[in-house]
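Undergrad: Heads up: the sequence lines are chains A and B, in that order. For the first sequence, this note's numbering gives the first residue as 1, with consecutive numbering after it. For the second sequence, this note's numbering gives the first residue as 1, with consecutive numbering after it.
Any given hint could be a false lead.
Since copy identity is lost for identical chains, a pair holds within one copy or between any two.
Said to hold, decoys possible - Calculated cross-link-like contacts (lysine-lysine; reagent style DSS-like; alpha-carbon spacing at most 25 angstroms):
id, residue 1, residue 2
1, 227, 264
2, 298, 312
3, 14, 298
4, 264, 312
5, 264, 298
6, 312, 14
By construction, these hints were calculated from the structure, which means they are not laboratory data.
2 protein chains.
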Amino acid sequence: MSAPMEDVMDLAEKLRAGDRRALARAITLVESGRTDHRARADALLEAVADPERQALRIGLSGTPGVGKSTFIEAFGCMLTDQGLRVAVLAVDPSSTRSGGSILGDKTRMERLSREPLAFIRPSPSQTQLGGVARRTRDAIALCEAAGFDVVLIETVGVGQSETIVAEMSDLFVLLLAPAGGDELQGVKRGIMEIADLVLVNKADGDLKAAATRTVADYAGALRLMRKREGDPEGYPMAMPVSALDMHGVDTAWEAMQVLAEFRKETGFWQARRTEQARGWFEDEVRLGLLRRLQHDPKADAAIETLRSDVAKGTRAPSAAAAQVLDILLPK
Amino acid sequence: MSAPMEDVMDLAEKLRAGDRRALARAITLVESGRTDHRARADALLEAVADPERQALRIGLSGTPGVGKSTFIEAFGCMLTDQGLRVAVLAVDPSSTRSGGSILGDKTRMERLSREPLAFIRPSPSQTQLGGVARRTRDAIALCEAAGFDVVLIETVGVGQSETIVAEMSDLFVLLLAPAGGDELQGVKRGIMEIADLVLVNKADGDLKAAATRTVADYAGALRLMRKREGDPEGYPMAMPVSALDMHGVDTAWEAMQVLAEFRKETGFWQARRTEQARGWFEDEVRLGLLRRLQHDPKADAAIETLRSDVAKGTRAPSAAAAQVLDILLPK
Numbered sequence: 001m002s003a004p005m006e007d008v009m010d011l012a013e014k015l016r017a018g019d020r021r022a023l024a025r026a027i028t029l030v031e032s033g034r035t036d037h038r039a040r041a042d043a044l045l046e047a048v049a050d051p052e053r054q055a056l057r058i059g060l061s062g063t064p065g066v067g068k069s070t071f072i073e074a075f076g077c078m079l080t081d082q083g084l085r086v087a088v089l090a091v092d093p094s095s096t097r098s099g100g101s102i103l104g105d106k107t108r109m110e111r112l113s114r115e116p117l118a119f120i121r122p123s124p125s126q127t128q129l130g131g132v133a134r135r136t137r138d139a140i141a142l143c144e145a146a147g148f149d150v151v152l153i154e155t156v157g158v159g160q161s162e163t164i165v166a167e168m169s170d171l172f173v174l175l176l177a178p179a180g181g182d183e184l185q186g187v188k189r190g191i192m193e194i195a196d197l198v199l200v201n202k203a204d205g206d207l208k209a210a211a212t213r214t215v216a217d218y219a220g221a222l223r224l225m226r227k228r229e230g231d232p233e234g235y236p237m238a239m240p241v242s243a244l245d246m247h248g249v250d251t252a253w254e255a256m257q258v259l260a261e262f263r264k265e266t267g268f269w270q271a272r273r274t275e276q277a278r279g280w281f282e283d284e285v286r287l288g289l290l291r292r293l294q295h296d297p298k299a300d301a302a303i304e305t306l307r308s309d310v311a312k313g314t315r316a317p318s319a320a321a322a323q324v325l326d327i328l329l330p331k
Numbered sequence: 001m002s003a004p005m006e007d008v009m010d011l012a013e014k015l016r017a018g019d020r021r022a023l024a025r026a027i028t029l030v031e032s033g034r035t036d037h038r039a040r041a042d043a044l045l046e047a048v049a050d051p052e053r054q055a056l057r058i059g060l061s062g063t064p065g066v067g068k069s070t071f072i073e074a075f076g077c078m079l080t081d082q083g084l085r086v087a088v089l090a091v092d093p094s095s096t097r098s099g100g101s102i103l104g105d106k107t108r109m110e111r112l113s114r115e116p117l118a119f120i121r122p123s124p125s126q127t128q129l130g131g132v133a134r135r136t137r138d139a140i141a142l143c144e145a146a147g148f149d150v151v152l153i154e155t156v157g158v159g160q161s162e163t164i165v166a167e168m169s170d171l172f173v174l175l176l177a178p179a180g181g182d183e184l185q186g187v188k189r190g191i192m193e194i195a196d197l198v199l200v201n202k203a204d205g206d207l208k209a210a211a212t213r214t215v216a217d218y219a220g221a222l223r224l225m226r227k228r229e230g231d232p233e234g235y236p237m238a239m240p241v242s243a244l245d246m247h248g249v250d251t252a253w254e255a256m257q258v259l260a261e262f263r264k265e266t267g268f269w270q271a272r273r274t275e276q277a278r279g280w281f282e283d284e285v286r287l288g289l290l291r292r293l294q295h296d297p298k299a300d301a302a303i304e305t306l307r308s309d310v311a312k313g314t315r316a317p318s319a320a321a322a323q324v325l326d327i328l329l330p331k
């Protein structure tokens, strides 16, 4: 399945040439939990790292039933029709439980999955959220190195997944279905804060009027929040789309491009990318430190006892932490 | 200023007896940046740790101009009139820059600062946000150990301070001023998500009608978000108050108590407290690890170079992190 070290440079070269099979193999390598695979994955990521190759990373969240696959199919095909290369990555920490749904999505994106300019990657079979974040960051880096123009990172919004996706995206899009008055309250706390664009899908046929009302409701709610520093007037923005009629999909793409261009001109874009890269680096260092230090069973038992005392309130967190440090790093 | 080790037990005893001067001295000790003070602070926190003493921790955010001091004065005095002991802690990472404003707040809370049942503590002169979080957590623990019934943690909302305050509170209250249609957009992104109660102050005199409209606007926006799991219907809630006329302050307190009681009955309260304590413990371990490891100047220089390469995009974050780990913890 995964390449031995001497093949890593070969894989890197094919990937940089835009070979989709090489990209798929590379993602499989970075997804692997095996320590020897990880060393090769790091070598590959180092070999392809290139600040000149930047895709537009769009985070997209929508619960089942909002027509997410139909939207991605319509949006993705519109982009490939314009000659843009589009990668779709799925982030779904629950994918091992929900089983076939992602595969189902892929077969529903029939046209897009046949497009030579498109690459669709289902969720990995990894449930741990930290693992999902790392794997997705690496997969995005690989898609950028392979020369993709747009990377769409989609999530169904289980647990913290939207925040994770937003943190690795340049733009975040929330896809909603039209709702009657009683069906509101559907948006998870936290998501209104990270959305740059709220798209109300299914603005067609019988649902058109409901969609218009839903757009107005969310536009009102978004106006109550201060706009992000350095963003143009009118953002975050709510608008109707119909993936079925292909209505508003181009307008939504335009709104994304305007925001992206604006952020590039103000320097916000590059500042954010730099911030993200630093943050990932710090995360990796922190996680790695704990991983390397916590393999001592005696220390583990002591830490577990302290953790439980802290949870019970019988020990002060700072004092308990000082004791852990003395165990992990004896002076 | 700070007590030698043999006095720590004496300080702990006075603190547990509810002595306000001992509490003030104890907070000064936990605020100190000196390593030898920290050891004593940890000893003190250990000595007073008592899961039986729990205050209601209320986080309160409001930008200058919303009448925060007037509200705290009215709210705090209402509580002390009921025989409750109230501590007010300020979290303001910018306090070194804004200088006298906190002291000004204290002198504006004239009646409350004279109440024997009240304790008001201005911000420490520490700008680093991590330091502020730790100091405030410790100060809350000391107030609880001293037998306070309510700990009000107030912030002007600079940077990430609301999130930090919300994470150490049981309830989070956002105080707003009435606004005309054009003055909306005032709420910082993120804060609507963490508020349990949105209070629109100055619902009196000429501003009464505007306050009613503002309450309706925010109530509408809050309805668009899914309620927190385990919370009763109607929460998060928006309501008008007038600290000047003392109108609605009792209703707001009632709403806080209903929510607190509900969360206690469902077990959410204790689960959250346990989660917070664990999180603080993990934070302390992580920060302490990095602090202890990063005192090697050779390692520091190497890490700085890697961090800068990562920021430029020339190194992959995961590979750079692996190299840092090899420097910090040679195999």
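Undergrad: Run every hint past the structure and note whether it holds.
TA: Against the structure, the hints:
1. Proximity of residue 227 and residue 264 under a CA criterion of 25 angstroms is satisfied intra-copy only: 17 angstroms inside one chain copy versus 36 angstroms between copies.
2. For the homomeric pair residue 298 and residue 312, the shortest alpha-carbon distance inside one copy (22 angstroms) is at most 25 angstroms, but the shortest distance between copies (41 angstroms) is not.
3. For the identical chains of this complex, residue 14 and residue 298 are neighbours neither inside a copy (46 angstroms) nor across copies (38 angstroms), given an alpha-carbon limit of 25 angstroms.
4. Within a single copy, residue 264 and residue 312 get their C-alpha atoms only as close as 49 angstroms, which misses the 25 angstroms cut-off; across copies the closest is 16 angstroms, which meets it.
5. Taking the closest pair of Cα atoms, residue 264 and residue 298 never come within 25 angstroms of each other, the shortest separation being 51 angstroms inside a single copy and 36 angstroms across copies.
6. With identical chains, the CA atoms of residue 312 and residue 14 are at most 25 angstroms apart between copies only, with a shortest distance of 24 angstroms across copies and 55 angstroms within one.
The structure shown violates the earlier hints numbered 3 and 5.
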